[in-house]
Amino acid sequence: MKTISLKVNGKPYTVEVEEDMRLLDLLRDKLGFTGVKEGCAEGECGACSVIMDGNLVTSCLVMAFQADGKEIITIEGLQSEDGTLHPIQQAFLDEGAVQCGFCTPAMVLAAKALLDKNPNPTDEQIKEGISGNLCRCTGYAKIVSAVKKAAEYLNQGGK
Amino acid sequence: MDFNVIGKSVIRVDGLAKVTGKAIYPQDIYMDNMLFGKTLRSSVPHAYFTLDTSKAEKIEGVVKIFTAKDVPGHNSHGVLFKDHEVLCEKKVRRIGDPIAFVVAVSEKIAAEAIEAIEVKYEEIPAVFDPVEAMKDEIKVHDGKSNIIYHYKLRKGNIEEGFAQSDVIVENVYNTSMVEHAFLQPEAGVSYVEDDGTIVVCAATQYPHFDQLEIAEAMGVPAEKVKVINPAVGGAFGGREDITLQIHLAMAAVYTGRPVKAVYSREESFYAHSKRHPEIIKIKTGANKEGKLLALEAEIIADTGAYASWAINVTRKSGIHVTGPYVIPNVKVDAYAVYTNNPFCGAMRGFGATQVPIATEQQMDILAEKLNISPVEIRLKNAFTKGSQTANGQTLTDSVPLVDCITKAAKAIGMF
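So the protein sequences, as listed, match chains A and B.
Heads up: the first sequence begins at 1 in this note's numbering, then just goes up one per residue.
Heads up: the second sequence begins at 160 in this note's numbering, then just goes up one per residue.
Treat each hint with caution, since some may be false.
[Claimed, not checked] Simulated pairs of lysine-lysine, DSS-like, Cα-Cα distance not exceeding 27 Å:
#1 Lys447/B <-> Lys539/B
#2 Lys298/B <-> Lys267/B
#3 Lys149/A <-> Lys228/B
#4 Lys70/A <-> Lys181/B
#5 Lys214/B <-> Lys167/B
#6 Lys440/B <-> Lys490/B
#7 Lys142/A <-> Lys181/B
#8 Lys142/A <-> Lys311/B
#9 Lys148/A <-> Lys181/B
#10 Lys539/B <-> Lys7/A
#11 Lys294/B <-> Lys490/B
#12 Lys117/A <-> Lys30/A
#13 Lys569/B <-> Lys447/B
#14 Lys528/B <-> Lys450/B
#15 Lys447/B <-> Lys223/B
#16 Lys30/A <-> Lys383/B
#17 Lys385/B <-> Lys447/B
#18 Lys30/A <-> Lys267/B
#19 Lys249/B <-> Lys303/B
#20 Lys2/A <-> Lys267/B
#21 Lys149/A <-> Lys569/B
#22 Lys241/B <-> Lys450/B
#23 Lys311/B <-> Lys127/A
#24 Lys569/B <-> Lys528/B
#25 Lys228/B <-> Lys241/B
#26 Lys249/B <-> Lys30/A
#27 Lys311/B <-> Lys249/B
#28 Lys223/B <-> Lys279/B
#29 Lys450/B <-> Lys279/B
#30 Lys450/B <-> Lys385/B
#31 Lys11/A <-> Lys223/B
#32 Lys475/B <-> Lys298/B
#33 Lys569/B <-> Lys142/A
#34 Lys148/A <-> Lys167/B
#35 Lys117/A <-> Lys149/A
#36 Lys311/B <-> Lys294/B
#37 Lys383/B <-> Lys228/B
#38 Lys167/B <-> Lys142/A
Think of the hints as simulated: they come from the structure by calculation, not from any bench.
Note that the coordinates shown come from a computational prediction; the quantities given were computed from them, not determined experimentally.
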């Protein structure tokens with residue numbers, strides 16, 4: 001066992017973790033952030049993606065102890081406390097970019113990681129930005145248009 | 160007339176829960192006092208086996224190891240034929256057949272116990288080629304022919320049709336097995352309510368079928384089983400057969416505690432069906448104007464170790480192998496065959512997806528031989544309103560194929 005401290009969605013946590021625990025298990029099983037999904041456990045599908053210190057990481061390939069001192073953002077951290085959706089979430093809804101939904105939380109975070117660094121991405125850059133995230137319902141076209149719309153919303157100062 | 164939904168862009172009802180991460184998939188359910196289940200699966204394709212669970216049972220934290228003898232009702236399930244065993248009793252018919260279900264206080268301990276179960280296999284010859292399997296020299300299910308279905312379609316007189324044809328093309332096409340790979344691996348939780356009702360929460364395409372299959376295997380009336388279908392992370396046909404539902408129900412009833420199981424991606428591959436690979440032997444004849452006159456096809460669909468929806472899928476292949484074309488003389492024989500391969504069932508298209516690979520390539524080759532364009536040969540033969548399909552259905556309503564081909568051909572500059 002090892003004690004680590006980290007911030008998740010702006011809130012500090014100090015937790016005991018087993019040496020072989022993944023960040024994914026810490027977030028889901030210990031801290032209850034079940035918006036983080038496990039799809040493959042080998043970094044292929046991207047469903048477990050979270051933002052760690054500004055970068056998109058697959059939380060199945062990050063050990064829990066490696067998150068010591070880090071700042072994590074999960075899907076649960078995007079909606080405001082008053083219930084207002086983050087502009088990216090709103091854009092995914094408006095563009096019908098949600099089907100089965102299992103890829104959606106990580107897809108929204110991939111869009112955030114991209115738009116935080118590049119507020120005006122081209123279609124190619126959007127496709128590259130979500131290239132680590134699989135959607136098996138094959139809804140990519142709508143996801144790309146949602147990310148474009150999200151960029152518009154954000155550039156107008158949120159919807 | 161004013162509609163609320165038709166013609167409008169409507170935000171989907173479950174959209175908000177899904178973009179906020181609040182949608183509950185079965186793996187997101189955590190209950191107090193919950194136990195964890197793991198499945199031991201066969202590592203060989205065709206064998207008699209015996210199990211020794213004594214070492215695994217002694218591991219601290221293991222609550223119970225279920226084997227075939229623990230199934231309270233019928234040890235069988237299946238959407239058409241009850242040819243799956245809930246837990247195999249003495250014989251496995253494919254790699255991945257479930258043979259034991261371990262319930263423990265943690266997932267880790269359950270996994271450790273799976274490793275500690277000793278399985279002795281007495282391997283017997285297996286058959287992987289469906290053509291070979293049709294000879295019935297090696298039977299996948301005792302006392303039953305491997306050929307589980309023969310769909311026969313006869314229209315007109317194909318001898319005459321081919322005799323009148325100016326050009327005939329004959330080929331064999333093979334399609335591959337395909338995995339759904341829905342993004343959410345199978346998971347579920349089962350518990351028993353105060354009045355004895357067995358509750359199973361699992362992502363499924365058929366809660367009403369699952370209820371009956373669980374009830375029969377548990378030996379209880381259907382009204383004592385409640386199936387809750389939470390958010391489903393994709394399915395595409397891959398959640399039409401039972402996977403963990405009955406294992407969980409057994410475990411919850413025996414232990415009196417909630418029991419959860421979550422499959423890894425690899426186990427998900429073993430647990431559910433695939434798209435039927437098909438061998439399509441096809442002969443197509445047309446006159447020099449490009450009018451189709453005859454089609455003969457033999458389709459062999461490999462359903463693997465279990466039937467699942469093989470009959471419906473194979474029938475659909477047999478009907479759709481003509482393509483959307485009017486052909487006066489047709490002879491089709493489509494077979495569904497057991498082998499020791501992974502089992503096949505529903506997957507997007509349900510038999511209609513495989514055959515166009517053959518039918519449409521035949522059309523292209525015919526067009527080439529006749530020196531006409533691939534668009535022209537299709538327009539000459541396409542179904543229109545009032546056409547009759549080879550199996551005798553008159554198409555009375557919307558048949559916009561000619562429009563569709565014309566528009567697409569124009570858009571890509573082929574017309």
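Here's how the hints hold up against the structure:
1. Using a Cα cut-off of 27 Å, the hinted pair lysine 447/B and lysine 539/B holds, with the two alpha carbons roughly 12 Å apart.
2. Using a Cα cut-off of 27 Å, the hinted pair lysine 298/B and lysine 267/B is violated, with the two alpha carbons roughly 38 Å apart.
3. Distance restraint check for lysine 149/A and lysine 228/B: the Cα-Cα separation of roughly 58 Å exceeds the 27 Å cut-off, and the hinted pair is therefore not satisfied.
4. For the given pair, lysine 70/A sits about 24 Å from lysine 181/B by alpha-carbon distance, which is consistent with the 27 Å threshold.
5. For the hint pairing lysine 214/B with lysine 167/B, the CA-to-CA distance comes to about 62 Å; that exceeds 27 Å, so the pair is violated.
6. As the CA atoms of lysine 440/B and lysine 490/B are separated by approximately 12 Å, the hinted pair is consistent with the 27 Å bound.
7. This hinted pair checks out: lysine 142/A and lysine 181/B have alpha carbons roughly 21 Å apart, not beyond 27 Å.
8. Distance check on the hinted pair: lysine 142/A and lysine 311/B sit about 43 Å apart at the alpha-carbon level, beyond 27 Å; violated.
9. Restraint check for lysine 148/A and lysine 181/B: satisfied, since their Cα atoms lie roughly 24 Å apart, inside the 27 Å limit.
10. Proposed proximity of lysine 539/B and lysine 7/A is contradicted: the alpha carbons are some 67 Å apart, above 27 Å.
11. Taking the CA atoms of lysine 294/B and lysine 490/B, the gap is near 22 Å; set against the 27 Å cutoff, the hint holds.
12. For a cut-off of 27 Å, the pair hint linking lysine 117/A to lysine 30/A is broken: about 31 Å separates their Cα positions.
13. For the given pair, lysine 569/B sits about 25 Å from lysine 447/B by alpha-carbon distance, which is consistent with the 27 Å threshold.
14. The hinted pair formed by lysine 528/B and lysine 450/B meets the criterion: a straight-line CA distance of about 13 Å does not exceed 27 Å.
15. Of the supplied pair hints, the one linking lysine 447/B and lysine 223/B is violated, its CA atoms being roughly 72 Å apart against a limit of 27 Å.
16. As the CA atoms of lysine 30/A and lysine 383/B are separated by approximately 34 Å, the hinted pair breaks the 27 Å bound.
17. The suggested pairing of lysine 385/B with lysine 447/B is violated, with an alpha-carbon distance near 62 Å, which exceeds 27 Å.
18. With a CA separation close to 15 Å, the supplied pair lysine 30/A and lysine 267/B stays within the 27 Å bound.
19. In summary, the hint linking lysine 249/B to lysine 303/B is supported, as the alpha carbons are separated by about 17 Å, within the 27 Å threshold.
20. Annotation: proposed proximity of lysine 2/A to lysine 267/B holds, straight-line Cα distance about 19 Å (limit 27 Å).
21. Taking the CA atoms of lysine 149/A and lysine 569/B, the gap is near 31 Å; set against the 27 Å cutoff, the hint is violated.
22. As the CA atoms of lysine 241/B and lysine 450/B are separated by approximately 45 Å, the hinted pair breaks the 27 Å bound.
23. Restraint check: the Cα-Cα separation between lysine 311/B and lysine 127/A comes to about 47 Å, which exceeds 27 Å; the hinted pair is violated.
24. Taking the CA atoms of lysine 569/B and lysine 528/B, the gap is about 23 Å. The hint holds against a cut of 27 Å.
25. Only pairs whose Cα atoms come within 27 Å are accepted, and lysine 228/B paired with lysine 241/B is accepted, the gap being roughly 17 Å.
26. Simply put, lysine 249/B and lysine 30/A have alpha-carbon atoms about 40 Å apart, too far for the 27 Å limit, and the pair is violated.
27. A C-alpha spacing of about 36 Å is found between lysine 311/B and lysine 249/B, which places the hinted pair above 27 Å, so the restraint is violated.
28. About 20 Å separates the Cα atoms of lysine 223/B and lysine 279/B, which keeps this hinted pair within 27 Å; it holds.
29. Simply put, lysine 450/B and lysine 279/B have alpha-carbon atoms about 61 Å apart, too far for the 27 Å limit, and the pair is violated.
30. Under the criterion of a C-alpha separation no larger than 27 Å, the hint pairing lysine 450/B with lysine 385/B is inconsistent with the structure, at around 56 Å.
31. At roughly 40 Å between alpha-carbon atoms, lysine 11/A and lysine 223/B are farther apart than 27 Å, so this suggested pair is violated.
32. This hinted pair checks out: lysine 475/B and lysine 298/B have alpha carbons roughly 25 Å apart, not beyond 27 Å.
33. Between lysine 569/B and lysine 142/A the alpha-carbon distance is near 26 Å, which keeps this suggested pair within the 27 Å criterion.
34. Distance restraint check for lysine 148/A and lysine 167/B: the Cα-Cα separation of roughly 22 Å lies within the 27 Å cut-off, and the hinted pair is therefore satisfied.
35. Taking the CA atoms of lysine 117/A and lysine 149/A, the gap is about 16 Å. The hint holds against a cut of 27 Å.
36. This hinted pair checks out: lysine 311/B and lysine 294/B have alpha carbons roughly 19 Å apart, not beyond 27 Å.
37. Note on lysine 383/B and lysine 228/B: the hinted pairing holds, with a Cα-Cα distance of about 22 Å set against a maximum of 27 Å.
38. Taking the CA atoms of lysine 167/B and lysine 142/A, the gap is near 17 Å; set against the 27 Å cutoff, the hint holds.
Consistency note: the structure conflicts with the earlier hints numbered 2, 3, 5, 8, 10, 12, 15, 16, 17, 21, 22, 23, 26, 27, 29, 30, 31.
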